[in-house]
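Quick mapping for you: the protein sequence lines, in order, are chains V and H. Numbering-wise (the working numbering), the first sequence opens with residue 1 and increments by one. Numbering-wise (the working numbering), the second sequence opens with residue 287 and increments by one.
Note that these hints are calculated values from the structure, not bench results.
Computed from the model, here is a short list of chain H residues facing chain V with C-beta under 8 angstroms:
1) Gly450
2) Thr711
3) Val822
4) Phe980
5) Asp981
6) Arg991
7) Ile1038
8) Ile1050
These stretches of chain H come out as covered by chain V in the derived footprint (C-beta under 8 angstroms, 3 or more residues):
9) 875-889
10) 967-979
No experiment lies behind these values; they were computed from the predicted model shown. Just so you know, even glycine gets a beta-carbon here, dropped at the ideal spot from N, CA and C.
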Amino acid sequence: MKSLYIRITLIMITFFGALCWGCEETIQLDLEQAPPVVVVDALLTDSMAYNHVRLSRSVDFYYEGRAPVITNAEVQVQDNEGNTYPYFYQEEDSLYRPSPPFAGEVGKVYTLNVTIDGQTITATDTLRFIAAIDSLRWRESESFFLEPKDDDYIYEVLTYAREPKETEDFYLFKFYRNDTIERFDSETGVFYSDDIGLGEEINDLSGPSLYSLEDTARFEMYSLTPTAFKYYFDLDQLINSDGGMFSGIPANPASNIEGANAVGFFQVSAISAEEIVVGDPETKRR
Amino acid sequence: MSTKHLLGLCLIIWLGTVSTSSAQSSGTLSGYVKDAETGEELIGVNVYVSSLGSGAVTNPYGFYSLTIPQGTYEVKFTYLGYESVTKDIDLTEEGTSINIELSPEVVGLEEVVISSTRLDENVRDISMSTVNLNLEQIKRLPSLFGEPDIIKSIQMQPGVISAGEGTSAYFVRGGSSDQNLIIIDEAPVYDASHLFGLFSVFNSDVIKSSELYKGGIPARYGGRLSSLLDVRTIDGNNKRFGMKGGIGTLASRLMLEGPIKKDKASYLISGRRSYVDVFQRLSNNEDVSSNLVYFYDINAKVNWKISNKNRLFAAGYFGRDNFNFGEDAGFDWGNTTFTLRWNHLFSDKLFSNTSVIFSNFDYGLELKDPVQGLQWTANLQQAQFKLDFSYFLNPKNNIEFGYQGAYLRFSPGRLEPNSPTSIFTELQLEKMFGLDHSLYISNDQDISDRLSFQYGLRLSYFQNIGPFTFRDYEDPQNNINPKYEEIEYDDLEVIEDFFNLEPRFAARYMLNANSSVKVSYNRMVQNVHLMSNSTVPVPFNTWQPSSPYLRPQKADQIAAGIFKNYRENTYELSIEAYYKWMYDVTDFADNAQVFLNQDIATEFRQGDSYSYGLEFFLVKNRGPLTGSFAYTYSKTMRQIPTVNNDLEFPANFDRRHSISIVGTYELNDKWAFGANWVYGSGRPLTVPAGRYEFDGYVTDIITERNGYRLPDYHRMDLSATLTPRKNKNRRWQGSWVFSIYNLYGRKNPFTIYTRLAADGDGNIFQPIRKEARMIYLFQFLPSVTYNFKF
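Given only the sequences and the hints, what does the whole structure look like? Please build it.
Shown next, in the form of structure tokens:
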């Protein structure tokens, strides 16, 4: 249901922007900069392939390079049964991964411990159940929200799933086209939902992007805890803020990271994913 | 000063005065004063008995009452812009009732007067911190899209701040925009905006008077912390049929008025509609022609003078905005108000007004889609009963008292799927109910020729009532994973109640015939709270009553000022200073979810705020060149627990300096010119102190709320009014208003946001970095409006 809110904000900005008389331009702000903080970007799922920690430092707002990666941290995860999993830095993708690899289990509570130059950071999250996606289908787009800009990219991918009404659930969604994540043109689309106001049957629900024939479409659904849901809600508010005119005043997201001078989130999720090739007659929506 | 002390003081003054002049045998002179051409009742007419040196003023219903010793008097009725009338009256014990009709003055150029009230009101009136808007002047001044708008004029008054152009929100002496009560014919209007604030809901043709109270608010008004805007519509001509209207760049309006029964009953009906959509429909571009936007207003009123003792009015307002995006999506919002009013004279000294008021605000969103199809509606309704009495005890004491009761019903939202295959299910957010009672009494008392007091007390009693399923939270501030037990409340069962005393006091001391000093104190209490965490609210924000998790907001304000008129009231000067303490102002947690949240109570963060300021206001009232200069310095800070690390921060609308200069010049009877220049130092802004990457998103780091300032705001507008030569025999009178908004094309910041840095074609730079973007709205906007009268 959060999506509804975002759309209203979009419509209003459109009203003042495109439909009306508003213009915009880039301006230079004279900003005071905070000293760098540690950024924890950590994901642990019930799939071994999605289990990593990325550590970096924040940079000045106008800094022209990428944020520096932290390579010398001690990282480990502990579950509520006392098992400890050490993580090691991998040069090729700048991530810390567990060795030996492991997958999370539904119902367990995981705690991330990071030590950087004597500074300790911890974060805790729980792995919640997720119902599997039934299937994906493709068709020529009929969606209200998708406007074709290119003659080849006219296909939408539809999701079929069941939202269990007996539990209170929170979700994060990710959409891929040929291994590239799709987040709208501005790269700021965050797709998440609670189940308030949602029915049990989710049918024909389309994603944020259009596809051409032969494209591989992938859809991932992650279970979230209320804490993680709030984090994504806040992140969305912040990166899609209009500066506080019609949206709320920009503020840092509420996080589960504990420790001085650290931001980010440690997300623990069950994952459900499906993949189809657009144009495959087997998965065409009839 | 504590409430108790003040109460005691009031009582002493009260007892000391009420019995002063009862021994003498006296009589009462009373009646109504109205316009000889339209039959419209006149507010604020001076009724003066020169041999006694005392007098009275007509009330908002045009009624006056004056109790003086029996005898023969010469009584003079004077009102600005009207020929004075003098009557010889033989006043006996039975009293005398005289209704007076005043004829509008035929004025030469030198005589042009822009104030709508008494010449020396600025100095003589007890009330301070009030602004009486002059509609005739507003119509001659440049306006956005040529549509005269009282809210836009209010935003230019001293002590009033606007967050940015193109919005209808205004901020009075450190109060947020939901702390302003706006009433039209006594009915509250919860969202006064059209087109997200480009226009307000007030159609200038039907407004008779509009007065803004910023401080020293009389006891008969309550319910909001910061200000009251009292808009009254005209009653309709009861002498002859008339027509008035205008054709503007963006909207047109038409008003019809006339007698139902001559001198007894009249009607008024008025409509206004924007027609952007008419042009949109003609467009070849499908994006434009299928996205239709429009708004309309309807004002209607009937007015029946049954007898001199009984008068009935019924007034209604209905307005709505509609936004349609193709066939499939749209949203709308609107206000409906209805007022039924009965003026009754119990005696020539006791005037009463009984009103039954209904007010509704609602909005809806609709999306027609087989999958994501939904309909969302929310509303707020209020039914109100008001009983107001004025007791004209003697020329030195004018007592007002009354009762006001309201039943409020808040429906924060209802979701319905509108297709059988929709992913949504029905959802009704819990409705909330409130009962709001208040009793008040106040007295305007002349202690001596120089010293006058106005003092009063308002008792407010607010009940948050059932039916309601109350969530009793383990930790009411846990907005992440709220845990609660549910408690059921039955119909009308009290969940929590709030009792408050609101003392009011004002004093005026005449230093000499044309200068005075005034002081005032008021306590205000607010029991309805807007669910908005932005700087400017949007029509999709809902309201909530005071409840166990939302304490009433309170404010104490003191103000003092010097008032002086120069050159026979040609120039009015006022300098006022105020200090305001606000307690339990409603604010929200960082990133609060204010929309569709069943646990919104966990987002509430109430804290304290203070504001102080200095307002300088100089007005030139007469002559071919009239106008005003206003300068305001103000500072408003807030401290909200858990927000901004518990540190004090400037309020979102804390503009420190504002200036407005307004002028109109009557060149001859054909041409008049208007100009204004406004300046405001930058409004606070929350800006990043760094950035970081998380899962591919590039996010700002925020360290301080409202620690930065937007660039200054300034703008100049011009207008010219052409009134073609009048043909004395024709009743049709027309005039053209040409205006240019933002003459020198200043790019005035509306807001600043951050995004991924991109080149001119929108391609995001690699490696990724960020940039700040400033949105500005109107640059050099010309418009033409044709106004007519029949």
